[in-house]
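A.B. asks: Spelled out from the first residue to the last, the chains are:
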Amino acid sequence: MSNPLADMDKPDVIFCIGTNMTECHPVAATRIKRAVAQGAKLIVADPRRIALAEMADIYLPLRVGSDVALLLGMAHVIAREGLMDEDFVAARTTEGRDFVEHVLEYPPEWAESITGVDAKLIAEAARWYAKAERGAIYYTLGITEHICGVDNVQSLCNLALMTGNVGREGTGINPMRGQNNIQGAGDSGALPNNYPGFQDVLDPAYQAKFAAAYGREVDLELGPTKVTALDMCGDRIRAMIINGENTVVTDPDREHCEHALRSLDHLVVIDIFLTETAQLADVVLPATAWAETDGVCSNTERRVQRLRKAVDPPGEAKPDWWCVSRIAQRMGLKGFEFESAKQVFNELCSLSPIYAGLDWDVIEHGEYHWPVPERGHPGTPILHQGEFENGRGIFQLIRYRDPAETISEEYPIWLTTGRRLPAYHTRTQTGRAAGIEYLLSEERLEMHPTDVSKWGLEDGGWAMMSSPRGEVRIKVEANDRSPPGTVFASFSFNDVPVNFLTGGGYDPITHTAELKVCPVRVEPV
Amino acid sequence: MSDNSGNGTGFDFEITLDGEKVGVRRGESLYEVSERHRKEIPTLCYDPRLEAFGGCRLCIVELDGARNPVASCTMRAEPGMRITTRSARLDMHRRVLMEMVASENRDMDVDPLSGYASQEMAVLLDRYDARTGRFAGARSGRSRPDDDNPFILRDYENCISCYRCVRVCAEQEGDYAISVMNRGFETQITTEFEGLLGDSACTFCGQCVQTCPTGALADIKALANADVPGETEKTRTVCPYCGVGCAVDLMSRGDKLIGVQPAMDGPANEGALCVKGQFAFDFVQHPDRLAYPMVRGEDGELHETDWDTALDRAAAGFTAAVENHGRHSVYGVASGRAPHEAAYMMQRFIRGAFGTNQIDNCSRA
Amino acid sequence: MNMPSDADLLAKWRARPAPLLPLLHEFHERDGFLSEESLRAISEDLRIPIADLFGTITFYHHFSRDPDGYARARVCTGPICALAGANELLAGLPNAQAMPCPGRCDEPIPVLDRDRVLCGTTVAELASRPSPLPPAPHPDVEECVFAHIRTPGRATLAGYRASGGYAGLENALRGRPDALLDIIDASGLAGRGGAGFPTGRKWRAVAEAAGEPRTIVCNADEGEPGCFKDRALMDYDPHAVIEGMIAAGFATGAMRGFIYLRYEYPDTLHILETALEEARDAGLLGPDALGPGRPFDLWVRRGAGAYICGEETSLLNSLEGKHPFPRNRPPFPVTHGYEDLPTVVNNVETLASVPHILVHGADWYRGLGIGDHAGTKVISLSGDVARPGNYEVPMGFPLMTLIDDWAGGVPGGRKIQAVTMAGLSGGFLAGEALDVTLDEPDIRSKGSFLGAGGIMVFDDSRDMIEVAHSAMEFFAEESCGKCFPCRIGTQRLTERLHGDGPPDIGAWIDEVHDLGDTMMQTSACGLGQAAPLITESLIRYFPDRVSRHVAQSV
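Protein chains in written order, with the working numbering: chain A, 2 to 526; chain B, 121 to 485; chain C, 103 to 656.
Quick caveat, the hints were computed from the structure, so don't treat them as lab data. Take the hints with a grain of salt, since some may be wrong.
Label-pair ranges, simulated between beta-carbon atoms [as the list claims (entries may be wrong)]:
| id | chain 1 | residue 1 | chain 2 | residue 2 | range |
| --- | --- | --- | --- | --- | --- |
| 1 | C | Glu310 | A | Glu82 | 33 to 43 Å |
| 2 | C | Pro389 | B | Ser207 | 50 to 60 Å |
| 3 | B | Glu171 | A | Gly387 | 30 to 40 Å |
| 4 | A | Asn495 | C | Asn104 | 34 to 44 Å |
| 5 | C | Gly601 | B | Asp211 | 53 to 63 Å |
| 6 | C | Arg118 | B | Ala186 | 12 to 22 Å |
| 7 | B | Glu171 | A | Ala212 | 27 to 37 Å |
| 8 | C | Ala653 | B | Glu351 | 36 to 46 Å |
| 9 | B | Glu171 | C | Leu148 | 19 to 29 Å |
| 10 | C | Ala193 | B | Ser263 | 52 to 62 Å |
| 11 | B | Glu171 | A | Gln330 | 31 to 41 Å |
| 12 | A | Glu170 | C | Gly385 | 48 to 58 Å |
Every residue gets a Cβ at the ideal spot worked out from N, C-alpha and C, and that includes glycine.
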């Protein structure tokens, strides 16, 4: 997030797009609710009538995968009606002129023809956001899990840049991260393009720095993303080590994924349960879990906090870092003689400029948002104040593209996937917590009542849902949260492996799969 | 910004608190000012995260010029006010109020596992030496043993109608699942149409449980561990679910995790939690947990083994891959769920052992 | 006539001011109760959380969740009607239920049958008839609000104008708001609902407060048992109230107003609606009411049976569709009233005094009182007196002169045992304390207060424990439940008056004093602060009766 969570009750206009925050980030959503109760205006764009949409002053029910068109239409209105923050654009951005010329080709009526959202509503939403004293954008995977995920994010950046809604309290472009330390995994350098602290692996200075730090030559080129690596399994990639990820269930196109892992010569999985992925491994190492592990995590607002051990782990389970470092030692490598999490974290801080002011003891109370460039620095709750990291904010000329697959006679229904409050991911954790089944005991395909009858189905009855990649049996639940023509399911239940169906395409830059759009057919069983 | 006086204290004006001049920021209540000076004013309906309510009247203070004592939680400090937080009259009223409260409830002592604030009433009964047999009469509140939810006990016979649950649900959580019905002594905390929590807008975040000062609303999962021997220890950590990073206090006895309470001073959540952070902690000690390393045997099955065997086998596989197919044949996937140290070590392994950038994490799913 | 659909009703009210209560009434009357479906429809349309809406409707007596609850007759079992045999009448009416005093103590016993009030002491006698007019005035005393009330036709616009109505307002509208404020200040007019706050100061505070639009609220939720003066004023002189409100609007810069009318006055509702219609047709209300382009309009909103809604901040919450708990003060309604904006809340009698002051001048009004006391006060006198009714007396008038000389004294050769003050809220006066003049300073010196001016007389045959018990039961029933001392204290005092509690008189009195003292000093609003005056005055004036009561309880 560019701005801290504490800012969420400060905007006067809030634009939530592709974020089902009350289910996925419920505690953050409480701040939105408070802002609304205090009079903030809420604009929600989502194909489904989610709880946030019920609260919204303007609800934009767009067709799945049409975000770019919606955002172009909004940008058009802002440009056409002279609602741009000209001072901000002049002082802080470049390419503004081209951008305006570009968006003037896309009036809201055009956007309506793609998104299905009333052009007047699009225009009104644009005006509210542009005229806001403090306008803030919040998004989640509903924006990124598309073949055009990067385009979606850049379209949002364009809106913020043209209205100056960035770099100030209560504004910003704020992705809500979905896992407790997904931010931290990136911070720590577990990326094919960045060393720890987002230092570019293509930059010779950083290459030299890490070659020296790790005592060996390093590659001068990018590594493949995980998605690409899975495609290379059995070919270039022969051995893999996977830590705490149930890859075969969470990733799209499950059959492809399972096949990839089976074709490896060597698979090591470190996890707390014998997951579907661990079951394919040659070696499974038992990790200590949350509550058993000392460590550090970064949340969605870049706040660096301590995790503390409360109880001993079962049997001989060991911290993940210990498992990996001991494998390295067994391979005869030097430099892996770590004895504590503190030692590991402090080495990370010594190599990461955004953590340069931190160490294990400094973060005791969790008050720092990175970057913390030196000791004594107060941290950076709000990014992009005064200046962007790379100087000026650059407007990007984005064009709308259809999803990788669109509905057809054979697959006439849009499937979109997501999450539900009581279930976390594949339920490896929530599925083993007592009582959660009281709230959610099985997967159901959410379908509009008119579709239920149209396709000859029954509320509560079984259906077969299929895509070009496979089929799953799923129970149908009639409700009007999803519009006619669109259905919704989560991938939380292993007995309804919805990700057998998804995976029609990937964003070309991030390799994020288009989990939010998948044409399907649904038939009675 | 609030300091216009140029005295550098950050205060806007002064009041006299128990004979001492103290600084006040505009908009502060008498209670807030008194708390800063550790006056330990008693209260049962106050939760610092919520709008002051003025229900319990225990926080009364003497205000010069006012005929009656005033509720310090709802009274804003004004320049020049003179207030007294302790006096024989105030103590007498507070004692009588506690005796009145005690007279309407079934239990005076409740298990601290009930919830974060569950001891507040018991502590004040003690502090004011309340004569708990006084004012005997009808008791208020109807418990809901019919509510079969596995998380929140609804034992309203111990309810004192402080409305903290109603207010936390509305103001803090924004769910408006619970409200109050009827009037006066018939007052009853309820959901829509007196239904079950599961049929209401309740999201089981547990905030009502944690703010309840009597244990009338209580944490069923924690109470199930009441018989676990040992002292309850609290360990401050961060919730293992989404990316918001809510601070929690893990409760344990010996090696048994027995419950979670929100960290009221958690920097990201300020005491808020959701159903997962509040109640879905016990996966950690589920029998399915992996406790020993496993390696795949000749029979094609995974078998438990010792660490030496497992680490050697793991290391050998990578060494062989490099020997046979080169260092670019190895790939590492880090977790977005494990701490920094795990991700850092994974990338250090891939970069340090193989010199490649063949490392990623699960954020693309 | 076709029954309106949910959608019809929602469409009718959603865009109007303060829509919740009228919507609830419409559904309640249409269906005979408030169904779950109705409440869900309203919740969704007005965006009120369903749990809150459900909780709120259970707060009000008159909203029924049982099918046909609306059709159940309600019989007054208040203190005066109880003396007249209300419990026997209740028993004789199938399916009827008790209700607190609906303000007809000058003609018992009222029975509320849907939207009609019937009166009579037996089932056979029950009939609908206009509410009683005030008795003829004493020839030596000049009246203010009642000066024209007995003039036939005064309730119509024409009749009102014929007796000088709206002349004062029209004159004031030609001047400046300041001038009007000066007159009200100089008159010494003070709140006649009980609080006695100077009206001019209140109006000026609203005129000077930041925030728009400002609002004038007429508190017509006359819920105090034994008080029925506002009913008389609204039934027979509605335009005086309206004129007073328009004047308040002009003085304060308000552009809207509400009359919050208690549910138990259905006839009054029609009279007010008719008067408002006439005023609107005549341009006295509407877009140019305060001058060209200066709008002012008024709406009636009915309560639904909740004594606490007579407390001004509860009233405002109720009007806004919120749970009718009293608000914490400060801030006061003059700065944070209806919708958190500057608001005048005045009693009916206060507002009805204004037109007379505008015509006759500030000095005239001030001079109506005795000595230093300004103006007049309407006393609702009921119980064991020969001629119960509303009497307008000069401020500072002796109580016993009113009872004995004006109202014919205690009938049947009996003696006065006690009177209540401020309806029930002032507790009892008895013995030498009856030698009191009707003004706040003198009555307060006796440990009571005048309040809204309801005085109930009990002769020496009455059981004061029983009277006290039913009074405390009323307060316990009507306690809103927000603050601890009132919620628990009214219940405990009721139990002790019922015969429960410590069997030892010392311990009994100790408990009752402790409860009362803490209630009076720590309760959040007037209800809890005043309720213990019942027990305190009972112990003071009738110690032997209290001792017998405790002894008998064992």
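A.B. asks: For every hint, state whether the structure bears it out.
C.D. replies: Verification of the supplied hints:
{"no.": "1", "hint": "C:Glu310 x A:Glu82: 33 to 43 Å", "result": "40 Å, holds"}
{"no.": "2", "hint": "C:Pro389 x B:Ser207: 50 to 60 Å", "result": "57 Å, holds"}
{"no.": "3", "hint": "B:Glu171 x A:Gly387: 30 to 40 Å", "result": "36 Å, holds"}
{"no.": "4", "hint": "A:Asn495 x C:Asn104: 34 to 44 Å", "result": "56 Å, violated"}
{"no.": "5", "hint": "C:Gly601 x B:Asp211: 53 to 63 Å", "result": "32 Å, violated"}
{"no.": "6", "hint": "C:Arg118 x B:Ala186: 12 to 22 Å", "result": "40 Å, violated"}
{"no.": "7", "hint": "B:Glu171 x A:Ala212: 27 to 37 Å", "result": "58 Å, violated"}
{"no.": "8", "hint": "C:Ala653 x B:Glu351: 36 to 46 Å", "result": "54 Å, violated"}
{"no.": "9", "hint": "B:Glu171 x C:Leu148: 19 to 29 Å", "result": "22 Å, holds"}
{"no.": "10", "hint": "C:Ala193 x B:Ser263: 52 to 62 Å", "result": "35 Å, violated"}
{"no.": "11", "hint": "B:Glu171 x A:Gln330: 31 to 41 Å", "result": "58 Å, violated"}
{"no.": "12", "hint": "A:Glu170 x C:Gly385: 48 to 58 Å", "result": "51 Å, holds"}
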